[in-house]
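Under this note's numbering, the sequence shown is numbered contiguously, ending at residue 240.
Don't read these hints as lab results, they were simulated from the structure. Please read all numbers here as calculations on a predicted model, not as lab measurements. Just so it is clear, CB atoms sit at the ideal spot from N, CA and C, and this is done for glycine as well. Be a bit skeptical, because a hint or two may be false.
Unchecked claim - Computed spacing ranges between beta-carbons, pair by pair:
| # | residue 1 | residue 2 | range |
| --- | --- | --- | --- |
| 1 | A64 | D194 | 31 to 39 Å |
| 2 | R44 | G197 | 17 to 25 Å |
| 3 | S53 | S192 | 18 to 26 Å |
| 4 | Q137 | N187 | 30 to 38 Å |
| 5 | R70 | G224 | 44 to 52 Å |
| 6 | P119 | A226 | 18 to 26 Å |
| 7 | E222 | E31 | 41 to 49 Å |
| 8 | C30 | Q137 | 25 to 33 Å |
| 9 | E168 | D46 | 13 to 21 Å |
| 10 | L154 | E222 | 27 to 35 Å |
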Amino acid sequence: MFRLFAATADLLRHSLGERCMACETRPAPGGLCDGCRGDIRRLDTSCCPRCALPGPAGVLCGRCQSATPHYDGVTAGAVFGYPLDAMVRALKYSGDIAVARALASVLADRLPGEPDPDAVIAMPLSDARQASRGFNQSWEIARQLPLRWSSRLRPGLDRIEDTPAQAGLSLEERRRNVKNAFRASADLRGCRVAVVDDVMTSGATLDAAARALKEAGAAEVRGWIVARALRDG
Numbered sequence: 008m009f010r011l012f013a014a015t016a017d018l019l020r021h022s023l024g025e026r027c028m029a030c031e032t033r034p035a036p037g038g039l040c041d042g043c044r045g046d047i048r049r050l051d052t053s054c055c056p057r058c059a060l061p062g063p064a065g066v067l068c069g070r071c072q073s074a075t076p077h078y079d080g081v082t083a084g085a086v087f088g089y090p091l092d093a094m095v096r097a098l099k100y101s102g103d104i105a106v107a108r109a110l111a112s113v114l115a116d117r118l119p120g121e122p123d124p125d126a127v128i129a130m131p132l133s134d135a136r137q138a139s140r141g142f143n144q145s146w147e148i149a150r151q152l153p154l155r156w157s158s159r160l161r162p163g164l165d166r167i168e169d170t171p172a173q174a175g176l177s178l179e180e181r182r183r184n185v186k187n188a189f190r191a192s193a194d195l196r197g198c199r200v201a202v203v204d205d206v207m208t209s210g211a212t213l214d215a216a217a218r219a220l221k222e223a224g225a226a227e228v229r230g231w232i233v234a235r236a237l238r239d240g
């Protein structure tokens, strides 16, 4: 009920008011005004092929060389910063469901070169977090992807621990925090899986999710991320 009400209210506000989803001041029939759209910093294609941190093309970064992640690669739509940070906050903390469509379009712009996965899975929330929020922002983003990919969206991963927030933790603390937080809930033997999430910072959450998916037989796990943060924090 909350999601239906929020989605209806936000669609009316953004479509009839035609205000930018980020700055909310300028007309933006397409969701983002030209100014805010121009502020989106696309991720450089010269980056680590595993975690998407900037660096020499095709060369694993030092972090991925020292501890190989369970995920096989990351495709990110843009660098985490304005206006995407404002949009992510509006979606997650204000229930602005309509923003998910614009965030999905940022990710979708980078997906045409990706091999089609067998399954698209939204990064899950714990039951407590989902009950509190009323929706899963990653699911809302994933279902707004073009039909080529959204048609493959399915359940398959549960977050079985309601872990503390990752912000402010060191890399090792983040890894310990989410190490056993996920459990696969589907038979994924031989499947290529794409995990959709809004933001990736250290990659610890995606790594833990990929570990659970591979334990369930997934052949490949890739992260499809709207925005890649370039610093842990």
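Results for each hint:
no., hint, result
1, A64 <-> D194: 31 to 39 Å, "holds (36 Å)"
2, R44 <-> G197: 17 to 25 Å, "violated (40 Å)"
3, S53 <-> S192: 18 to 26 Å, "violated (37 Å)"
4, Q137 <-> N187: 30 to 38 Å, "violated (19 Å)"
5, R70 <-> G224: 44 to 52 Å, "violated (27 Å)"
6, P119 <-> A226: 18 to 26 Å, "holds (22 Å)"
7, E222 <-> E31: 41 to 49 Å, "holds (44 Å)"
8, C30 <-> Q137: 25 to 33 Å, "holds (29 Å)"
9, E168 <-> D46: 13 to 21 Å, "violated (36 Å)"
10, L154 <-> E222: 27 to 35 Å, "holds (30 Å)"
In the structure shown, a violation is registered for the earlier hints numbered 2, 3, 4, 5 and 9, in ascending order.
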